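K.L.:
Positions 2 to 175 (the numbering used here) are the ones given, in order, by the sequence shown.
The hints are simulated quantities; they were obtained by calculation from the structure and are not laboratory data. It is possible that part of the hints are untrue.
Unchecked claim - If you anchor each label on the Cβ, the simulated ranges turn out as follows:
1) His18 with Gly90: 37 to 43 Å
2) Phe14 with Ala140: 35 to 41 Å
3) Leu144 with Ala102: 26 to 32 Å
4) Ser152 with Thr6: 33 to 39 Å
5) Val151 with Arg113: 19 to 25 Å
Owing to the predicted nature of the structure, the values given are computational and were not obtained by experimental measurement. Cβ coordinates follow ideal geometry from the N, Cα and C atoms, glycine included.
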Amino acid sequence: MDFETIRTTTLDFVREHQAWAPVITGIIAFCESLAVLSFLVPATVILLGIGALLGATDIPFLPVMIGAAIGAILGDWVSYEFGRYYKEGSKRIWPLSRYPAMVEKGEEFCRRWGAWGIFVGRFIGPARAVVPLIAGVFAVSRLHFQLANVSSAFVWAFVWLAPGAGVVQFWPGK
Numbered sequence: 002m003d004f005e006t007i008r009t010t011t012l013d014f015v016r017e018h019q020a021w022a023p024v025i026t027g028i029i030a031f032c033e034s035l036a037v038l039s040f041l042v043p044a045t046v047i048l049l050g051i052g053a054l055l056g057a058t059d060i061p062f063l064p065v066m067i068g069a070a071i072g073a074i075l076g077d078w079v080s081y082e083f084g085r086y087y088k089e090g091s092k093r094i095w096p097l098s099r100y101p102a103m104v105e106k107g108e109e110f111c112r113r114w115g116a117w118g119i120f121v122g123r124f125i126g127p128a129r130a131v132v133p134l135i136a137g138v139f140a141v142s143r144l145h146f147q148l149a150n151v152s153s154a155f156v157w158a159f160v161w162l163a164p165g166a167g168v169v170q171f172w173p174g175k
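Kindly produce the complete structure, drawing on both the sequences and the hints.
P.N.:
In structure tokens, the structure reads:
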């Protein structure tokens, strides 16, 4: 199955089963945030499409945004714990073993930014896939990781869903 088929099928399902939109969005965000699955799921395009569906239908914005944030939090958390458990060995496991340059960039990013790298990394496509895992390998404190993880997930979910949903029109002065 190609990316376009996945995108179309997912958006059609959300359109037909609107009550499931928060759960589906959460699953997609989880896949986007999990180190291995993020390489295989066209989540960014799907999330933008779901945002547009929110603007075109009666699906409420807030539950879907919360679903996306929770999925992203859990995906990054699993990646972090995987890195913490396997340490350097995690870099020898597929698919990271096939992308050593990307892993090196993720390591440099973590060295440079520390816990802030988790927050910033969520908004940078290639970094999003490896930064939480590398943070676990480097044993960034769980508290600092989770503070950055949770706060960035809610901002990230809003940023990806709000424009298509037309939330901007409700801001004061608009």
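K.L.:
Which numbered hints does this structure break?
P.N.:
When the structure is compared with the hints, none of them turns out to be violated.
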